[in-house]
Amino acid sequence: MNIEKAEKIRKKLKESCVGIAGVGGLGSNAAISLARAGIGRLILVDFDSVEENNLTRQYYFRDQIGKVKVEALKENINKVNPWLKIDIFNQKLTVGSMDEPFHDADVIVEALDSALAKTSFIEEIMQKLPDKPLVACSGVAGYGNSDRIETKRIGNLYICQDEQARSSDDDVLMAPRVALMANWEANIVLELLLGEDK
Amino acid sequence: MSIEVNGRKVDWVKDETIQHLLRRMRYTFPLVVVKIDEKVVPRDNFSEIIVPDNSKISVIHMISGG
Chain G
1 MNIEKAEKIR KKLKESCVGI AGVGGLGSNA AISLARAGIG RLILVDFDSV EENNLTRQYY
61 FRDQIGKVKV EALKENINKV NPWLKIDIFN QKLTVGSMDE PFHDADVIVE ALDSALAKTS
121 FIEEIMQKLP DKPLVACSGV AGYGNSDRIE TKRIGNLYIC QDEQARSSDD DVLMAPRVAL
181 MANWEANIVL ELLLGEDK
Chain D
1001 MSIEVNGRKV DWVKDETIQH LLRRMRYTFP LVVVKIDEKV VPRDNFSEII VPDNSKISVI
1061 HMISGG
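Chains as they are written, first to last, in my numbering: chain G, 1 to 198; chain D, 1001 to 1066.
You may find that some hints are simply not true.
What the hints assert, rightly or not - Rough simulated footprint, nothing fancy, chain D against chain G, three-plus residues with beta-carbon under 8 Å:
no.	segment
1	66–74
2	106–119
3	132–140
4	167–178
What the hints contain is simulated information worked out from the structure, not anything from laboratory work. Think of the CB as a built atom: it goes at the ideal place given N, C-alpha and C, for glycine as much as any other residue.
Extracted from the complex, chain G is given alone in its bound form (with noise of 0.2 Å):
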């Protein structure tokens, strides 16, 4: 290990703030990736409950099952990093405010389910906050065909993407595909905060 660059990126990270829109499949797991990663802070918006079908993906556990689901992750988030501050918004994020949590963010994390919320969101937030940097993800149902799975980048918008894949609605949401896009969309807000690894 390289002491030396991992204190540089534990510096860096714990004064970065990274704000989630949906804490389901792809905000869950992208989450924890990003507190174990040592984030100082998160902003966590949704506006479900926990249920027990969410289990076969999302980043919950059986006795969490009613639970709202941003207190459940700060709960789960808090078991592997007590040391990051949260900011939970239990709410519908609707359009004409759907920026509004996300003022402190350094990065916005898109980790919504329905192509309207996504595509919805994405409108908003680059047309009132078009200097932040947006992480969204399209593309996430089914499995396998990882080597699909891309980055594209359209100014300060990046979207993990599988342009083949089918909408959730005709397909199934399975664990390893939703893990591993949300930890792709992880992967690029610290690439994003940190610079590349070189």
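Given chain G's structure and the hints, the job is docking chain D onto it.
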């Protein structure tokens, strides 16, 4: 007289709206984010905004799942 759409060079058409361009490009997805030269065009304005000559256009299509 041309524009670039998702990295592809295509002819510029006078008075063409975003909506018509999407149709010409055969982008049939109902939900897309459109950027013209780094500026986002709200979906509600697709039928009004005219595509300028020499512009660079990004059409971003999101697939459900999260």
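Comparing the hints with the structure gives:
no., hint, result
1, 66–74, "violated (count 0)"
2, 106–119, "holds (count 8)"
3, 132–140, "holds (count 5)"
4, 167–178, "holds (count 6)"
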